[in-house]
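Line order of the protein sequences matches chains A and B. In this text, residue positions in the first sequence follow our numbering: the first is 1, and each later residue adds one. In this text, residue positions in the second sequence follow our numbering: the first is 1001, and each later residue adds one.
Think of the hints as simulated: they come from the structure by calculation, not from any bench. Do not rely on the hints blindly, as some may be mistaken.
[As the list claims (entries may be wrong)] A few chain A residues that face chain B, going by a derived Cβ cut-off under 10 Å, partial list only: (1) Val183; (2) Tyr237; (3) Glu239; (4) Lys249; (5) Asp253; (6) Pro255; (7) Pro265; (8) Ala271; (9) Asp373; (10) Gln377.
[As the list claims (entries may be wrong)] Derived coverage of chain A by chain B (criterion: at least 3 residues anywhere in the stretch with Cβ under 8 Å from a Cβ of chain B; other residues may be distant): (11) 38–51; (12) 201–210; (13) 220–227.
Cβ atoms here follow ideal geometry from the backbone N, Cα and C, with glycine treated the same way.
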Amino acid sequence: MGKFSKALFMLIAITALVFTAACGGGSSDSKSGGKGKEVKVGVISWLNGSGASYGEAITNGLKLANKEINDKGDVKIKLITEDSAGKKDQAKSAAEKLINSENVSAIIGPTLSTEMQVVGPTADSSGIPIIGTSTTAKGIPQIGDYVFRNSIPEEQAIPASIKAAKEKYKAKKVAILYGNDDVFTKSGYDVMKDEAKKQGLQVTTTEKFQQGQADYKAQLTKIKSTKPDMILCSALYNEGAVIMDQARKMGIDVPFVGGNGFNSPQVIDIAGDAANGLIVATPWFAGKDDQKVKDFVKKYKDKYGKDPDQFAAQAYDALYVLAAAIERAGSDDPDAIRDELAKTKDFKGILGTMSFDKEGDIVMKPTVLIIKDGKFQEFK
Amino acid sequence: MVWEQLINGITLGSIYAVVALGYTLVFGVLGIINMAHGSIFMFGAFMGVVATSTFGLPLPVAFLVAVVVSGALGFLLELLALRPLRGKKGVSHLAPLISTIGVSIFLENLAHQLFGAGNKPFRTSFSEVSFQVGSITIYAVQIVIFIIAVLLMIGLSFWLSKTKAGRALRASAEDLDAASLLGVNTKKMITMTVIIASVMGGIAGILVGMAFNSVTPQMGLSMGLKGLAIIILGGMGNVRGAMAGGLILGLSETLVVMFGESGYRDAIAFMAIIVILLVRPQGIFGSSTEARR
Chain A
1 MGKFSKALFM LIAITALVFT AACGGGSSDS KSGGKGKEVK VGVISWLNGS
51 GASYGEAITN GLKLANKEIN DKGDVKIKLI TEDSAGKKDQ AKSAAEKLIN
101 SENVSAIIGP TLSTEMQVVG PTADSSGIPI IGTSTTAKGI PQIGDYVFRN
151 SIPEEQAIPA SIKAAKEKYK AKKVAILYGN DDVFTKSGYD VMKDEAKKQG
201 LQVTTTEKFQ QGQADYKAQL TKIKSTKPDM ILCSALYNEG AVIMDQARKM
251 GIDVPFVGGN GFNSPQVIDI AGDAANGLIV ATPWFAGKDD QKVKDFVKKY
301 KDKYGKDPDQ FAAQAYDALY VLAAAIERAG SDDPDAIRDE LAKTKDFKGI
351 LGTMSFDKEG DIVMKPTVLI IKDGKFQEFK
Chain B
1001 MVWEQLINGI TLGSIYAVVA LGYTLVFGVL GIINMAHGSI FMFGAFMGVV
1051 ATSTFGLPLP VAFLVAVVVS GALGFLLELL ALRPLRGKKG VSHLAPLIST
1101 IGVSIFLENL AHQLFGAGNK PFRTSFSEVS FQVGSITIYA VQIVIFIIAV
1151 LLMIGLSFWL SKTKAGRALR ASAEDLDAAS LLGVNTKKMI TMTVIIASVM
1201 GGIAGILVGM AFNSVTPQMG LSMGLKGLAI IILGGMGNVR GAMAGGLILG
1251 LSETLVVMFG ESGYRDAIAF MAIIVILLVR PQGIFGSSTE ARR
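Chain A on its own, in the form it takes in the complex:
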């Protein structure tokens, strides 16, 4: 061995030693903590690109909850936020980073169901509990024991709204329009199709679109010619609002029944009067006569300058549910937190009364809303 390689060998050996020591120290420090210690919670959210507005609402809701929880002081939570950019691979590497180098005790997110299908198994196999706050596609909590969600699944929300709309408008014929390049909107479509069949509605035509499209006139012209009594539309609000605007301008004035992602005050901002007649079933209603809800809306508006949507509200509640589980677990051990999360029952949040079923899915009653006179109102 030459002088140089000897020195190099020494250097590597020392670095390795220091590194192992640091890691060992770090993990014993973070795993053995109990009450009063800061618990690290990872957040994976869509913060850049076309869906950044969803991630923005989610992280705003989380930050608000985080501050309140830490101020109260029963548990201390430190949020470590990573961007997924709405992409599966980026969401997965964000999760790996949070689990392996940040040693988080739990994860909140990611934004899309598509992303959760990749991130969920990663967290589950690492034994880190993960809560989806906006992942409403079918099969999410079934990914594993450590996967939960507090967003109401489309199989609960959509049938409620279709049923209410059908009864009110005595609808017989419906047209369906959906985004076919996204797991969430596609799964919303599957529910709509099944539900239409179950309720004896005749489907006049089924049209598709892709995320970020600008021109929906061709599809809408076709829908218009089939004269439906209402339109079932599975879209995220960015696309959905533009679809409604173009539809109204073309003289399509029948009601729209949307899925969960369509439910946002942004629809009214983007589409204006054209948004009137949108019916959605939702866990979140900002106009609810409940002090907790009123406080949240006021605080959110003061801080971020706009009304909170369901993405913000679900994220806010998710952190509170998690904080309660951490408090009961009395430690930052992921397994203990998972077990306490699973026991969540009749938790009173701003969404309503929530419990997790045995698979980790949320159980709660949705409210059916309609946009009327430019604002969301209860649909009666």
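Place chain B on chain A using the hints.
This is chain B only, laid out in the frame that chain A set:
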């Protein structure tokens, strides 16, 4: 419904054509694929939103604002991203392509910061004006868009073939060095080309806002890719080709929806382009002999 769909297709096609006109002009003169074109188009659209919705200015003023801002962006693009790379030894011929990609990413992020994520509404009462011909509803916006597209094409063709500046530009397109030796100020011609192309992009942006009420920071990329497909289809650097290619793409996208498969809208449109190029590799209006660089 058939007629309404055809009108939808022509509207969409006209917008594609205006986007492609700007593309094809820069390619014709500089031999550069300008990937920042889509982002400048997006900025034009946002200028329309800012002028009409935020400041409540009338539509013609919005056009003016978009023209000025996108023209200025074109000037900066040429000055900062293209000129430094031109005529230098050792610069790859792909370098300008990469630098325009850089500019496009920068502009997209800038728009995200300035205007926020998500769709912005483009509200003008004009977009609701419509009239009935038999059972067909035609919107004033659709006619205006078509007329603007045709006027831009005629104006550009006229300018290129009949005016002195246009001739200088074509000379520059033929051979930069020779044109320069013959007394053409090629530096000025190039700057002018990029500015005119960007202005067209800006105008196309406003047209999209008017027609579809959908303006997002991400709209530039897909429009840019379509513009690229169109100029390849029409024959690189060819004005009439850009117009025809735009209309073909717009109509085929609409017809795909009409005859059934809305899910394959983009895919089938691009398949059509591939098929046409297999039959006529130089593009519809491209010359078969290699005249351009």
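ask   = Regarding the hint that Ala271(A) lies at the interface with chain B, is the smallest CB-CB distance below 10 Å?
value = Check passed: Cβ of Ala271(A) comes within 7 Å of chain B, closer than 10 Å.
request  = Identify whether the interface hint at Val183(A) stands, where standing means a beta carbon of chain B within less than 10 Å of its own.
outcome  = Given a least distance of 15 Å, the restraint on Val183(A) is violated.
query = Are Lys249(A) and chain B close enough, Cβ to Cβ, to be under 10 Å, as the hint says?
reply = Holds, because the Cβ-Cβ distance from Lys249(A) to chain B comes to roughly 6 Å (cut-off 10 Å).
Interface hint compliance - Asp253(A) to chain B, C-beta minimum distance less than 10 Å = Violated, because the Cβ-Cβ distance from Asp253(A) to chain B comes to roughly 13 Å (cut-off 10 Å).
message = Tell me if the interface restraint on Pro265(A) is satisfied: Cβ within less than 10 Å of some Cβ in chain B.
response = violated (12 Å)
query = With a cut-off of 8 Å between beta carbons, are at least three residues of the region 220–227 of chain A near chain B?
reply = Satisfied; 4 residues make the cut.
ask   = How about Asp373(A): closest beta carbon in chain B under 10 Å, or not?
value = violated (18 Å)
Cβ contact check, 8 Å cutoff: the region 201–210 of chain A against chain B, three residues minimum = holds (count 4)
request  = Double-check Glu239(A) for me: the hint is only fine if its C-beta lies closer than 10 Å to a C-beta in chain B.
outcome  = holds (8 Å)
ask   = In terms of beta carbon proximity below 8 Å, does the region 38–51 of chain A have 3 or more residues touching chain B?
value = Result for this restraint: holds, n = 4.
task = With a cut-off of 10 Å on the beta carbons, see whether Gln377(A) makes it to chain B.
result = Gln377(A) check fails; min Cβ-Cβ to chain B is 21 Å, beyond 10 Å.
message = Pro255(A) was flagged as interface toward chain B. Is the shortest Cβ-Cβ separation under 10 Å?
response = Given a least distance of 20 Å, the restraint on Pro255(A) is violated.
Violation of the numbered hints given earlier is confined to hints 1, 5, 6, 7, 9, 10; the remaining hints are satisfied by the structure.
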